[in-house]
Amino acid sequence: MLALLGLLTVLVLLAGIMSNRLSPLVALIAIPVVAALIGGFAPELGGFMVNGVKNIAPVAGMFVFAILFFGILTDAGTLDPIINRILRIVGNNPVRIVMGTAVLAAIVHLDGSGAVTFMVTIPALLPLYERLHIDRRILACVVAMAAGVGNMLPWGGPVLRAAAALQVPVMDLYLPLLPVQLTGFAFVLLCAWWLGKRASTSVDFQSVASGHATVIPAAENKESTPENDVRRPHLFWINIALIIVVIGTMISSLLEPVVCFMLGTIIALLINYPNSKQQRERIDAHSKAALLMASVLFAAGVFTGIMNGTGMLKAMATFAADHIPSSAATHLPFLLGLVSTPLSLLFDPDSFYFGVMPVLGQVVQAHGGSAIEVAYAATMGQMTVGFPISPLTPATFLLVGLCKIELGAHQRFTIPFLMATSILMTFVAVALGLFPL
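For the sequence shown, the working numbering assigns the number 21 to the initial residue and increments by one for each residue that follows.
Please keep in mind that the hints were generated in silico from the structure rather than gathered at the bench. Don't take every hint at face value.
Unchecked claim - Derived lysine to aspartate or glutamate pairs resembling EDC-like cross-links, with alpha carbons at most 20 Å apart:
(1) 74 - 426
(2) 74 - 249
(3) 424 - 304
(4) 334 - 370
(5) 424 - 249
(6) 297 - 368
(7) 334 - 368
(8) 424 - 64
(9) 308 - 426
What the hints assert, rightly or not - Label pairs and their in silico Cβ distance ranges:
(10) 196 - 249: 51 to 59 Å
(11) 274 - 338: 35 to 43 Å
(12) 351 - 303: 50 to 58 Å
(13) 344 - 184: 21 to 29 Å
(14) 70 - 274: 26 to 34 Å
(15) 39 - 222: 20 to 28 Å
Note that the structure is predicted; figures quoted are calculated from it, not measured. Yeah, the Cβ is synthetic: ideal placement off N, Cα and C, and Gly gets one too.
Please model the entire structure based on the sequences and the hints provided.
Right, here's the structure in full:
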């Protein structure tokens, strides 16, 4: 009963969001609350919700101040020279831009953090996409693909969890996966090339290209406009240094990300807009976006808090493992690899890798296989390739918030590309002998 309730909760949630019948904020709170009431958890419901909000609070705080930080520096014109230089190198060529997006996201994701990847890559590239009228969903999709494949690194969460659950050295698990990961990234570049070609034929881009929309540095435009009045081209190098310090401090874990962006926001305001009136105006300019996405993140915390607190996630995992036919056990790793990406929509990484995967490993072992085959199969998509579309991870909301798109639109556009990546890597893993067909 509890497993069925959990499955229905997730399916209704996804249907509501992807069909645009419900906003993510409403869906993430209302649907699990109703499910918990139906399941008889009314007395504990408040506690589940509070626990979920507590767990998400640092991420929500980080997001609010990250939006303010990058928004203030963008207003100051910090990214204009960078974007102009990129345009001079690649020209008005969407293919180069989109492929460069994949490479940049993959490089940044070497630290293993999806949130850092999104916060570094998207604010730098979004103005370029907007200037050339390239669909923002392409930016979200390509960054998601590169970060998803990159999340197979040995210091990434899924592989670490899989190694810990099976009690095997993480490098023993990862090294056989390396050729699979490299193949996946090659496919990401291929998809980026195709998306870039498609973008170059779009009506919006053609209108820009036909107008010869070359980029003119903001500093050269002397006309006084509201936009130019907030530009600070003479502070470019100071602002760049501030970005490097904030990002470097965050990546090196010297301070918590929320603290890094809090301090960075304050310093950015004091440097660029020392007048209190200007500071209020800059905060007001970005507070709507920050508040909207922070509210969605807290709603996601409510969802995960209820799903974990009620035991619905655990019940779903147990039910799935108990009802696998014996005849399918030998093919289980292959089947798991094929569906590993959509499983990111159903299970958070802890529930899957510490709850579902060990049980599936025991089933495979009982039929003459190896538990590590299940781990290989799981990493084809479960919270690796699949994490940037899952409502169970805050990074997904960070991604769509920074790209200024709806979660449902992102999922509809990106899921086919992520599924194709995951399926391709599954067949490569079979060809390499990591698990049988």
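Tested hints:
1. For the hint linking residue 74 to residue 426, the alpha-carbon distance of about 25 Å lies beyond 20 Å, and the restraint is violated.
2. Proposed proximity of residue 74 and residue 249 is contradicted: the alpha carbons are some 40 Å apart, above 20 Å.
3. Distance check on the hinted pair: residue 424 and residue 304 sit about 17 Å apart at the alpha-carbon level, within 20 Å; holds.
4. Taken as a hint, the residue 334 and residue 370 pair is honoured in the structure, with Cα atoms around 10 Å apart against an allowance of 20 Å.
5. For the suggested pair residue 424 and residue 249, the alpha carbons sit about 24 Å apart, so the restraint of at most 20 Å is broken.
6. Between residue 297 and residue 368 the alpha-carbon distance is near 44 Å, which puts this suggested pair outside the 20 Å criterion.
7. In summary, the hint linking residue 334 to residue 368 is supported, as the alpha carbons are separated by about 11 Å, within the 20 Å threshold.
8. Straight-line distance between C-alpha atoms of residue 424 and residue 64 comes to about 35 Å, which puts the hinted pair past the 20 Å bound.
9. At most 20 Å may separate the alpha-carbon atoms for a hinted pair to count; residue 308 and residue 426 meet this at roughly 15 Å.
10. Between residue 196 and residue 249 the C-beta distance comes to about 57 Å, which sits within the given range of 51 to 59 Å.
11. Taking the beta carbon of each, residue 274 and residue 338 are about 41 Å apart, inside 35 to 43 Å as hinted.
12. A hinted range of 50 to 58 Å holds for the C-beta pair residue 351 and residue 303, which are about 56 Å apart.
13. Checked against the given bound of 21 to 29 Å, the beta carbons of residue 344 and residue 184, roughly 23 Å apart, stay inside it.
14. A hinted range of 26 to 34 Å holds for the C-beta pair residue 70 and residue 274, which are about 30 Å apart.
15. Against the hinted window of 20 to 28 Å, the Cβ-Cβ separation of residue 39 and residue 222 comes to about 25 Å, which satisfies the hint.
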